[in-house]
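Chemist: The primary structure of each chain is shown beneath.
Protein chains: 2
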Amino acid sequence: MTEYYAPTYVLFGKGAQNEVGRVLKERGIKKVLIHFGGGSVVKSGLLGVVEASLEVHGIHFVELGGVQPNPRLSLIRKGISLARSENVDMVLSVGGGSALDSSKAISYGVCYDGDVWDVYGRHVAPKASLPVGCIITLAATGSEMSNSSVVTNDEVTPNEKVGCNSNLGRPAVAFMNPELTYTVSAYQTGCGSVDIMMHTLERFFHSGPAFEFTDQSCANVLKTVVKYTKVALENPCDYEARANIMWAGTVSHNGFNNVGYDSIGDWACHKMEHELSAFYDVSHGAGLAAIWGSWARYVASVDYHRFAYLGELVFGLNDDDCKVACERTIVAFEECFRSMGMPTSLKELGLSLSTDDIEALANAASRGGAIRLGNFKVLCEDDIYNIYKAANDR
Amino acid sequence: MTEYYAPTYVLFGKGAQNEVGRVLKERGIKKVLIHFGGGSVVKSGLLGVVEASLEVHGIHFVELGGVQPNPRLSLIRKGISLARSENVDMVLSVGGGSALDSSKAISYGVCYDGDVWDVYGRHVAPKASLPVGCIITLAATGSEMSNSSVVTNDEVTPNEKVGCNSNLGRPAVAFMNPELTYTVSAYQTGCGSVDIMMHTLERFFHSGPAFEFTDQSCANVLKTVVKYTKVALENPCDYEARANIMWAGTVSHNGFNNVGYDSIGDWACHKMEHELSAFYDVSHGAGLAAIWGSWARYVASVDYHRFAYLGELVFGLNDDDCKVACERTIVAFEECFRSMGMPTSLKELGLSLSTDDIEALANAASRGGAIRLGNFKVLCEDDIYNIYKAANDR
Numbered sequence: 034m035t036e037y038y039a040p041t042y043v044l045f046g047k048g049a050q051n052e053v054g055r056v057l058k059e060r061g062i063k064k065v066l067i068h069f070g071g072g073s074v075v076k077s078g079l080l081g082v083v084e085a086s087l088e089v090h091g092i093h094f095v096e097l098g099g100v101q102p103n104p105r106l107s108l109i110r111k112g113i114s115l116a117r118s119e120n121v122d123m124v125l126s127v128g129g130g131s132a133l134d135s136s137k138a139i140s141y142g143v144c145y146d147g148d149v150w151d152v153y154g155r156h157v158a159p160k161a162s163l164p165v166g167c168i169i170t171l172a173a174t175g176s177e178m179s180n181s182s183v184v185t186n187d188e189v190t191p192n193e194k195v196g197c198n199s200n201l202g203r204p205a206v207a208f209m210n211p212e213l214t215y216t217v218s219a220y221q222t223g224c225g226s227v228d229i230m231m232h233t234l235e236r237f238f239h240s241g242p243a244f245e246f247t248d249q250s251c252a253n254v255l256k257t258v259v260k261y262t263k264v265a266l267e268n269p270c271d272y273e274a275r276a277n278i279m280w281a282g283t284v285s286h287n288g289f290n291n292v293g294y295d296s297i298g299d300w301a302c303h304k305m306e307h308e309l310s311a312f313y314d315v316s317h318g319a320g321l322a323a324i325w326g327s328w329a330r331y332v333a334s335v336d337y338h339r340f341a342y343l344g345e346l347v348f349g350l351n352d353d354d355c356k357v358a359c360e361r362t363i364v365a366f367e368e369c370f371r372s373m374g375m376p377t378s379l380k381e382l383g384l385s386l387s388t389d390d391i392e393a394l395a396n397a398a399s400r401g402g403a404i405r406l407g408n409f410k411v412l413c414e415d416d417i418y419n420i421y422k423a424a425n426d427r
Numbered sequence: 034m035t036e037y038y039a040p041t042y043v044l045f046g047k048g049a050q051n052e053v054g055r056v057l058k059e060r061g062i063k064k065v066l067i068h069f070g071g072g073s074v075v076k077s078g079l080l081g082v083v084e085a086s087l088e089v090h091g092i093h094f095v096e097l098g099g100v101q102p103n104p105r106l107s108l109i110r111k112g113i114s115l116a117r118s119e120n121v122d123m124v125l126s127v128g129g130g131s132a133l134d135s136s137k138a139i140s141y142g143v144c145y146d147g148d149v150w151d152v153y154g155r156h157v158a159p160k161a162s163l164p165v166g167c168i169i170t171l172a173a174t175g176s177e178m179s180n181s182s183v184v185t186n187d188e189v190t191p192n193e194k195v196g197c198n199s200n201l202g203r204p205a206v207a208f209m210n211p212e213l214t215y216t217v218s219a220y221q222t223g224c225g226s227v228d229i230m231m232h233t234l235e236r237f238f239h240s241g242p243a244f245e246f247t248d249q250s251c252a253n254v255l256k257t258v259v260k261y262t263k264v265a266l267e268n269p270c271d272y273e274a275r276a277n278i279m280w281a282g283t284v285s286h287n288g289f290n291n292v293g294y295d296s297i298g299d300w301a302c303h304k305m306e307h308e309l310s311a312f313y314d315v316s317h318g319a320g321l322a323a324i325w326g327s328w329a330r331y332v333a334s335v336d337y338h339r340f341a342y343l344g345e346l347v348f349g350l351n352d353d354d355c356k357v358a359c360e361r362t363i364v365a366f367e368e369c370f371r372s373m374g375m376p377t378s379l380k381e382l383g384l385s386l387s388t389d390d391i392e393a394l395a396n397a398a399s400r401g402g403a404i405r406l407g408n409f410k411v412l413c414e415d416d417i418y419n420i421y422k423a424a425n426d427r
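Residue numbers (the numbering used here), protein chains in the order written: chain A, 34 to 427; chain B, 34 to 427.
Treat the hints with care, as some may be off.
Which chain A residues stay away from chain B? Per the calculated CB distances, all over 10 Å, these [claimed, not checked]:
no. : residue
1   : Thr35
2   : Gln249
3   : Ala403
One-sided excerpt, in silico: chain B residues whose CB lies under 10 Å from chain A [stated by the list, open to error]:
no. : residue
4   : Tyr38
5   : Thr41
6   : Phe45
7   : Asn210
8   : Val292
9   : Gly293
10  : Asp295
11  : Asn408
12  : Lys410
In silico BS3-like links for lysine-lysine, alpha-carbon gap of 25 Å or less [claimed, not checked]:
no. : chain 1 : residue 1 : chain 2 : residue 2
13  : A       : Lys256    : B       : Lys256
14  : B       : Lys111    : A       : Lys256
15  : A       : Lys356    : A       : Lys256
16  : A       : Lys160    : B       : Lys58
17  : A       : Lys263    : A       : Lys111
Please keep in mind that the hints were generated in silico from the structure rather than gathered at the bench. Heads up, the beta-carbon is just placed ideally off N, CA and C, and yes, glycines get one too.
In isolation and in its complexed conformation, chain A is listed as follows:
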């Protein structure tokens, strides 16, 4: 049985950011914490547009900037204090997935009596949260409709990067203007597109039977991103390309591509990448691209046909020998990642790890051997080590 619940009110298209004041007022919001990253949303003038829209509709606000990629627990604690002392009734993220995930963590923390890290590191399910809103400036994480957020605990060494999935984390409102992604760099465009593709690949490879409508919907996300990332890299201000990528990013992670599947998907690559990011602070999308091919070859024997079918759906590939078709599919995705400027090995990611390093990663990903990852193929610590090693040795 699938639970599908994506209640976010979305405004999608040119000028969406101008509607923030009106939409929040209609929802009875009185005061928000605007949460953002570096200076880009200031320099671009977006922050000013949002502030003006709130002011016109009489909505008060306080602000907290400084969110970094792989958002940090220490800033989240500041946000919780500020949100409490200022008595805000919404956290409004302006920026990409990191600002939004940080906002989700603040919204849990405000409504939780204990330490907010409980919700992430100790997997205490949140019971309440402030509503979260977002103005999105990056097509990548799909956090604008998803139940997930990922936080890095920078108060421990090595850092811990852990996610929390809760329907309470689904934003109440999302303002999505594809034009706001025109200024995203080629590298971050590539990272974002890989992240979108991986949210879909993690779901496509699941335990249990296929479901054709959703298989085709997964293929639509993947084909859209493959086609339009090429266009966006050539012409960063192509509206059609940015719009297709942005909406594909939302659909890839709001649960739509789980419907009819018996499980939420594999997710081993995501968990293995979280350790790479926690240890080496790499970009999430790049880390995923560097691992995926090694994961795919390691698990392919579970169901060569599934890989072959994917290659047919997305790239029009086929071969009578399903092992050959499988390998061609994996190669096609790797070529696609490279064409987006993304790595397909740890070396290309800029890492050259020792056996000890790899053991440390595998130990962390498996929580010292206590947990297994994935469900397309269930991976123990040794399997995880082998996949990291394969990605390192390529």
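Position chain B against the provided structure of chain A, taking the given hints into account.
Modeler: Frame of chain A; chain B shown alone:
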């Protein structure tokens, strides 16, 4: 700019109906009005299952059956009285789209001081509603996540059939077990599949530019329904077929296939069909099938390429001459409707209308010439007459 808002909590899969008590209790529901149609949900035992699930979780209920296809205002008034006197806090539909649309109308009426017909016939936007829940037994209207409901005023002659679109009408919860559609007759399966396809075709043909992600998503709905209706008609208990059709039906009408389009779509065929149903009480899906080809040929010159593209996406058709490709697309859809046992003319629908009859329909559809229909091509009363006439003369 597109507004996308589909907040319904969906449980999809085998056994979904057994979860109704638990899910409603989690949402704080204390007492529901169970609203349903004829005896089929009684005979099948479904009503008993729902009652038992509510009882286990201590949720009280009262019941009102008797909903007919093209649900009637007179029964809705009874439902409003009962819901008020019994102080229920949710209307829970058990059945198909008619029971659900009737439930939506009751939920508006309970929260409205005036005559509930204001909301439909006089287009007074509802400001509040009781939450609505549904256990779906038919894949057709998509009402389980849609903002729309259609009511027939049986207190006037001829009857008036009018829809209301409001986000307040989107159900709070929907329980969707495809097995519950195994017993749907071949004729009603065909009607339902045409309705699903038409919800997508009405959107695909819209004013303004195309948006590839959504064009492809429309194609996915259409291809899924074309493929699996054939399977379901051959084997009514094929889970895969019923599940794919059911979910395609939800997606076709929850707004997903509007994202990135500048308008909500054409909808002229729906409005013309509402008059057929109001005057002659035909099944909605059959009425749509009987009109669509005549509409399509009448409006095709607006954009032959759009029709040609649709034929390529759904049926793999192509032809260098876009007019030829357009006609082939229309013929392919008509053949598809016929293969589902559906009519492609008014004669096949069982109607043989006089010029006066057709004038009366066109006059009603255009509200005496006061309104125009459609936006792919805007139709005045004469256009509407011509389309009805073409459908009658085939």
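Chemist: Compare the structure with each hint and give your call.
Modeler: For each hint, the structure was consulted:
1. Distance to chain B contradicts threonine 35/A as a non-interface residue, since its nearest Cβ pair spans about 5 Å, not more than 10 Å.
2. Its closest Cβ contact with chain B, about 5 Å, brings glutamine 249/A to no more than 10 Å, contrary to its assignment away from the interface.
3. Look at alanine 403/A: its CB is around 31 Å from the nearest CB on chain B, clear of 10 Å, so calling it non-interface holds up.
4. With its C-beta approaching chain A no nearer than about 5 Å, tyrosine 38/B sits inside the 10 Å limit, and its interface hint holds.
5. Because the smallest distance between the Cβ of threonine 41/B and any Cβ of chain A comes to about 8 Å, under 10 Å, the interface hint for this residue holds.
6. Satisfaction of the interface hint for phenylalanine 45/B is found here, the shortest Cβ-Cβ separation to chain A being roughly 5 Å, below the 10 Å cut-off.
7. Checking asparagine 210/B against chain A by beta carbon gives a least distance of about 9 Å; that is within 10 Å, so the hint holds.
8. The criterion of a C-beta within 10 Å of any C-beta in chain A is met by valine 292/B, whose closest approach is roughly 6 Å, and the hint holds.
9. For glycine 293/B, the interface hint holds, since its Cβ comes within 10 Å of a Cβ in chain A; the closest pair sits about 6 Å apart.
10. With a cut of 10 Å, the hint placing aspartate 295/B at the interface with chain A holds, because the nearest CB-to-CB distance is about 8 Å.
11. Annotation: asparagine 408/B was flagged as interfacial toward chain A, and the flag is violated, the nearest CB pair being 17 Å apart, outside 10 Å.
12. Nearest Cβ of chain A to the Cβ of lysine 410/B: about 24 Å, over the 10 Å cut. The hint is violated.
13. Taking the CA atoms of lysine 256/A and lysine 256/B, the gap is near 17 Å; set against the 25 Å cutoff, the hint holds.
14. For the given pair, lysine 111/B sits about 51 Å from lysine 256/A by alpha-carbon distance, which is inconsistent with the 25 Å threshold.
15. The straight-line distance between the Cα atoms of lysine 356/A and lysine 256/A is roughly 22 Å, inside the 25 Å bound, and the hint therefore holds.
16. The suggested pairing of lysine 160/A with lysine 58/B holds, with an alpha-carbon distance near 16 Å, which does not exceed 25 Å.
17. Proximity of lysine 263/A to lysine 111/A is assessed by CA-CA distance (about 40 Å); at most 25 Å being required, the pair is judged violated.
Checked against the numbered hints given earlier, the structure breaks hints 1, 2, 11, 12, 14, 17 and satisfies all the rest.
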